[in-house]
Amino acid sequence: MPAANQPTGEATARWVRPAVVAVLVVSIVLRFLTRSPLWLDEAQTVSIANRSVPHLFTALREDGAPPLYYLLLHYWMAAFGTSSFAVRSLSSVLSVGALPVMAVVAKRFKLLGDSPWPAVLLLATCPFVIRYATEARMYSLVLLLVLLALVAYERVWTVGGWRPAVAATVVTGALLLTQYWAIFMLATAGATVLFAMWRGAREARRLLVPMVIGCGFFLPWLPSFAYQSAHTGAPWGSPPGIEVPFVALGGWVGGGLASPVLRWAYYLLAAVAIFGYARRGGGVSFHWPVRRRPLLLLGFGVAVLLVGTVASEAVTSAYAPRYTMVAVAPILLVVAAGLDALSPRLRTATLAVVVVSGLAGSALIPGELRTQAAQVAKILRAAQPGDLVVFCPDQLGPAVHRLAPNAGRQVVYPTFGSAAMVDWVDYKTRNEDADPYTFAGSALQMAAGHTIWFIYETGYPTLAGGCTDLLTTFTVARGQPVDALNGHGAFETDNVAEFLAP
Numbered sequence: 008m009p010a011a012n013q014p015t016g017e018a019t020a021r022w023v024r025p026a027v028v029a030v031l032v033v034s035i036v037l038r039f040l041t042r043s044p045l046w047l048d049e050a051q052t053v054s055i056a057n058r059s060v061p062h063l064f065t066a067l068r069e070d071g072a073p074p075l076y077y078l079l080l081h082y083w084m085a086a087f088g089t090s091s092f093a094v095r096s097l098s099s100v101l102s103v104g105a106l107p108v109m110a111v112v113a114k115r116f117k118l119l120g121d122s123p124w125p126a127v128l129l130l131a132t133c134p135f136v137i138r139y140a141t142e143a144r145m146y147s148l149v150l151l152l153v154l155l156a157l158v159a160y161e162r163v164w165t166v167g168g169w170r171p172a173v174a175a176t177v178v179t180g181a182l183l184l185t186q187y188w189a190i191f192m193l194a195t196a197g198a199t200v201l202f203a204m205w206r207g208a209r210e211a212r213r214l215l216v217p218m219v220i221g222c223g224f225f226l227p228w229l230p231s232f233a234y235q236s237a238h239t240g241a242p243w244g245s246p247p248g249i250e251v252p253f254v255a256l257g258g259w260v261g262g263g264l265a266s267p268v269l270r271w272a273y274y275l276l277a278a279v280a281i282f283g284y285a286r287r288g289g290g291v292s293f294h295w296p297v298r299r300r301p302l303l304l305l306g307f308g309v310a311v312l313l314v315g316t317v318a319s320e321a322v323t324s325a326y327a328p329r330y331t332m333v334a335v336a337p338i339l340l341v342v343a344a345g346l347d348a349l350s351p352r353l354r355t356a357t358l359a360v361v362v363v364s365g366l367a368g369s370a371l372i373p374g375e376l377r378t379q380a381a382q383v384a385k386i387l388r389a390a391q392p393g394d395l396v397v398f399c400p401d402q403l404g405p406a407v408h409r410l411a412p413n414a415g416r417q418v419v420y421p422t423f424g425s426a427a428m429v430d431w432v433d434y435k436t437r438n439e440d441a442d443p444y445t446f447a448g449s450a451l452q453m454a455a456g457h458t459i460w461f462i463y464e465t466g467y468p469t470l471a472g473g474c475t476d477l478l479t480t481f482t483v484a485r486g487q488p489v490d491a492l493n494g495h496g497a498f499e500t501d502n503v504a505e506f507l508a509p
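Each residue of the sequence shown is one higher than the one before, starting from 8 at the first, in the numbering used here.
Since the hints were made in silico from the structure, they are not lab data. Do not rely on the hints blindly, as some may be mistaken.
[As the list claims (entries may be wrong)] Cβ pair distances, simulated, as ranges:
(1) Leu-302 <-> Asp-430: 41 to 49 Å
(2) Ser-59 <-> Pro-296: 40 to 48 Å
(3) His-294 <-> Ala-208: 27 to 35 Å
(4) Glu-210 <-> Ala-278: 36 to 44 Å
(5) Arg-300 <-> Asn-493: 50 to 58 Å
[Said to hold, decoys possible] With a straight-line Cα cutoff of 20 Å, these simulated SDA-like cross-link-like pairs (lysine to any residue) come out:
(6) Lys-117 <-> Arg-354
(7) Lys-114 <-> Arg-300
(8) Lys-385 <-> Pro-412
(9) Lys-385 <-> Glu-505
By construction, the Cβ of each residue, glycine as well, lies at the ideal position given by its N, Cα and C atoms.
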């Protein structure tokens, strides 16, 4: 039979399958590509993970993060090295590993008919997910663990048995030891289970036990967590606004011209998943009753973010959009479920638009310059052994020190400490109490007869103009500097002023 007369489903399958494979290959490749050097958070992470295990735990008390990802990275670097590609590839591999788990989740939750591929493709092409697959941080591990938790919890609920219970226990503990916003996810899940128990669901009791035991894995870390809560935090930021749970989905679309298309597609598909029904003649209609499963899953994802927002506001803890990774899996699963409510042709066309838009936004990620540390390191090649390299704030130090550890004598404002790692303990108080003029006087004495390389940025919180005061004081003492670098074009910018020896 000629191709033109073949059934629509068979003809479509001939190009859909190769297209799915091509999309997956491209999305996987993008997870391993970026040209930027490691920026502050990544360089700090590598610096901590590269220590012996006892010193790793000690360093984390000064940093403010739980230990599991750092331990994984420690052994990963022992096997594969400490190059930027090597340290980032752990996140890349974890992010790729999340794709088949998403397929299992989609099948287990029965939101997508017979095919899990829409959910897999949405996760594969989400710019937010790809962005953190290219960063040496814990967020790809968070995504994978959340998906594994969804599988384990669902199996405990529906099947029972000791194997699913053990899996649920382990993944609960692993989540708590990976990222602190997992606390909000588990608190929401726990409240849901208790509510189900109150409603008489026997399955809830099966799930509550492994969750409680899994939380026990966190107990050995509890003293460090208490110390971090009292002394570290994130003084550079502010608590989240109450709008975060409702706008987070729109923040996962990346940049570029396709981002508005992807944003609208995400929100509309989430609405369709709950209220939409396919029409026989094509198109979709919105009416009651709502689709219960996607509503519950979306409500769970939003509730996780809402609990995190309220808790962060209550304790004035800082927020960054990357923390929303704990809710990506359930919410994207609901978005994918919206495709199932569309007619076959509209479903294919909509999925194509979402996938292409996601890849278009993700294609910009490899070219993003996250830090100017490489430019600074190149400039510091001219530094002599006796030269003094001063970082203000100290947050500029780790990325540059990683690339140029032997360039001059490197110190940070206001402590004269090492540039290899930021000490976040009582950070705000220490910076506000610092005296830039006393620091400058000591630095000028240390650099007598040598050049001062001043690496600075003036827009950081908690410093109260200290970096500007240092620049002014050095200028008064040494004269106008050579402006070796003016910060621009990167997420983390650096200015370099070279004060020649008198």
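Tested hints:
With their beta carbons about 46 Å apart, Leu-302 and Asp-430 fall inside the hinted range of 41 to 49 Å. At roughly 59 Å, the beta carbons of Ser-59 and Pro-296 sit outside the given window of 40 to 48 Å. The beta-carbon spacing between His-294 and Ala-208, approximately 29 Å, falls within the hinted interval of 27 to 35 Å. Between Glu-210 and Ala-278 the beta carbons are some 29 Å apart, a value that contradicts the proposed interval 36 to 44 Å.
A beta carbon spacing of about 54 Å between Arg-300 and Asn-493 agrees with the range 50 to 58 Å that was offered as a hint. Between Lys-117 and Arg-354 the alpha-carbon distance is near 17 Å, which keeps this suggested pair within the 20 Å criterion. Among the hinted pairs, Lys-114 with Arg-300 is consistent with the structure: their alpha-carbon atoms are about 13 Å apart, no more than 20 Å. At roughly 12 Å between alpha-carbon atoms, Lys-385 and Pro-412 fall within 20 Å of each other, so this suggested pair holds.
Of the pairs offered as hints, the one joining Lys-385 and Glu-505 holds, with about 13 Å between alpha carbons and a cut-off of 20 Å not exceeded.
Violation of the numbered hints given earlier is confined to hints 2 and 4; the remaining hints are satisfied by the structure.
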